[in-house]
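Asks: The primary structure of each chain is shown beneath.
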Amino acid sequence: MSGLASMVLKGDPRSTARLITLAENNSKDLADEMKVIHKHSGKAYVVGVTGVMGSGKSTLIFELARVYRNQGKRVGIIAIDPTSPFSGGALLGDRVRMTDLTTDNGVFIRSMGTRGMLGGLASAVYDAVEILDASGKDVVIVETVGVGQAEVDVVKIADTTLVVLVPGLGDSIQTIKAGIMEIADVFVVNKADRPGVEQLIAELESLIDISCIGKNRRIPIVKTVAKENKGIKELVDEIEKHKEYLKKTKVFEAQRRKRYEAELVEIIRKRLMNFIFDESTFKEKVENMIDQISKKEMDPYSAADEILGKLLK
Amino acid sequence: MEKKIRVLIAKPGLDGHDRGAKIVARALRDAGMEVIYTGLHQTAEMIVETAVQEDVDVVGLSLLSGAHMTLFRDVTRLLKEKGMGDVLVVCGGIIPEEDVPVLKKAGIAGCFGPGTSCEEIVEFIKKNVKR
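Chains S and L supply the protein sequences, listed in that same order. Just so you know, my numbering puts 186 at position 186 of the first sequence, and the rest follows in order with no gaps. Residues are numbered in my numbering as their position in the second sequence, beginning at 1, plus a constant of 313.
By construction, these hints were calculated from the structure, which means they are not laboratory data. The beta carbon of each residue, even a glycine, is placed where N, CA and C say it ideally should be. Heads up, a few of these hints could be off.
What the hints assert, rightly or not - Just so you have them, the derived chain S footprint on chain L, three or more residues with Cβ under 8 Å:
#	segment
1	366-380
2	403-411
As the list claims (entries may be wrong) - Here chain S is said to cover these stretches of chain L; the calculated rule only asks that three of the stretch's residues, wherever they fall, bring their Cβ under 8 Å from a Cβ of chain S:
#	segment
3	331-342
4	357-363
As the list claims (entries may be wrong) - Simulated pairs of lysine-lysine, BS3-like, Cα-Cα distance not exceeding 25 Å:
#	chain 1	residue 1	chain 2	residue 2
5	L	Lys-316	S	Lys-35
6	S	Lys-39	S	Lys-310
7	S	Lys-310	S	Lys-285
8	S	Lys-250	S	Lys-39
9	S	Lys-270	L	Lys-316
10	S	Lys-283	S	Lys-73
11	S	Lys-248	S	Lys-35
12	S	Lys-227	L	Lys-439
13	S	Lys-10	L	Lys-393
14	S	Lys-43	S	Lys-227
15	S	Lys-283	L	Lys-316
16	S	Lys-230	S	Lys-243
17	S	Lys-250	S	Lys-43
18	S	Lys-310	S	Lys-73
19	L	Lys-417	L	Lys-440
20	S	Lys-250	S	Lys-270
21	S	Lys-10	L	Lys-395
22	S	Lys-283	L	Lys-417
23	L	Lys-395	L	Lys-317
24	S	Lys-10	S	Lys-73
25	L	Lys-443	L	Lys-418
26	S	Lys-270	S	Lys-35
27	S	Lys-10	S	Lys-35
28	S	Lys-28	L	Lys-443
29	S	Lys-28	L	Lys-439
30	S	Lys-241	S	Lys-73
31	S	Lys-243	S	Lys-233
32	S	Lys-233	S	Lys-248
33	S	Lys-28	L	Lys-335
34	S	Lys-215	S	Lys-241
35	L	Lys-317	S	Lys-270
36	L	Lys-417	S	Lys-28
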């Protein structure tokens with residue numbers, strides 16, 4: 001058994017942080033550590049928090065974490081912000097709203113850049129959730145980047161997905177209903193002290209009316225003012241109710257199975273991409289093909305066939 | 314494999330001026346680094362705890378209030394205690410000339426006062442980062 005993973009199992013924050021870094025860097029040493037971690041994970045409840053930019057996700061998570069801490073639960077938080085597609089850099093600022101949790105040793109916060117992943121998550125998030133889980137956290141909260149319409153990958157990893165909306169964004173709910181509407185287990189109407197809240201809730205209710213046909217669970221709406229710590233206990237109760245529902249209907253196991261499927265696909269994708277685009281022997285051939293495609297001497301489909309043919313041999 | 318330099322930019326103590334820190338944070342982002350910004354009024358304990366959880370390679374401290382001799386040295390001492398003595402620590406803000414050698418002795422690798430170009434800071438970090 002390797003050193004880092006065994007220290008993570010003991011709850012050592014430094015080792016936990018370092019192992020998450022190995023996951024982010026897709027390090028060669030990662031697999032052996034994760035073999036150990038996987039056996040000891042699966043206990044933590046995972047809450048995904050998604051919503052448009054500026055909806056107050058970070059502040060809401062800070063307040064959620066405080067309620068869980070008062071219940072004696074240990075909390076892991078993964079806060080994802082976008083990586084610049086131009087420089088590859090990222091400004092990770094979600095901790096600004098969570099600063100009072102920093103020195104609580106029952107809380108571990110990690111900021112992550114998306115590093116080229118679309119869908120609102122970071123590629124290393126599956127590993128990071130397992131690592132925090134194995135380190136003894138009872139609840140792991142995953143904050144996605146501020147989302148538009150298609151960033152719905154958080155459902156693949158969360159047991160309960162919160163979709164955070166705010167009043168006053170006009171007709172924005174219409175534009176997001178296709179993607180985001182379908183992934184909410186609980187709707188959170190944050191900044192509910194602002195004008196337009198009743199209208200937003202009415203719109204949401206009518207959308208829920210349509211989406212609930214034939215389903216045995218109606219998606220609840222919780223009003224919060226995260227900055228003033230209002231509505232947070234009610235939100236925690238709704239998360240708890242959803243958890244009970246999942247367990248009762250066996251949907252829980254099915255969802256977890258989907259998470260592992262997504263994780264497996266992600267690992268395979270990363271390894272394949274590394275092999276094709278990073279490994280020295282292959283890289284040159286691929287570069288060559290791209291040159292030929294540019295000159296119309298080859299087409300991308302034939303190139304893909306050739307690359308995959310070489311791999312499958 | 315896809316190693317990125319992770320930097321914590323922190324404002325210790327009670328001063329409320331974070332314009333410089335934010336400009337440096339942006340410059341480092343544009344140089345391809347992952348920059349964690351924690352906001353104002355951080356204690357040395359908070360900064361070091363954040364550095365541990367975020368597993369950063371660099372800590373950048375910015376201070377204009379005059380308390381740097383105490384707070385910066387608290388940060389380097391606590392980093393060493395947490396087994397993170399290999400983290401590159403740099404600072405900026407209003408740091409009098411005569412304090413610089415003392416800070417360097419305490420483990421601050423570089424001091425960047427007013428007028429420093431962002432390129433200079435980026436270069437220094439890329440050249441000196443140890444992890």
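Asks: Among the hints numbered above, which are violated by the structure, and what are their numbers in rising order?
Replies: Those not satisfied are hints 2, 6, 10, 11, 12, 14, 18, 20, 22, 33 and 36.
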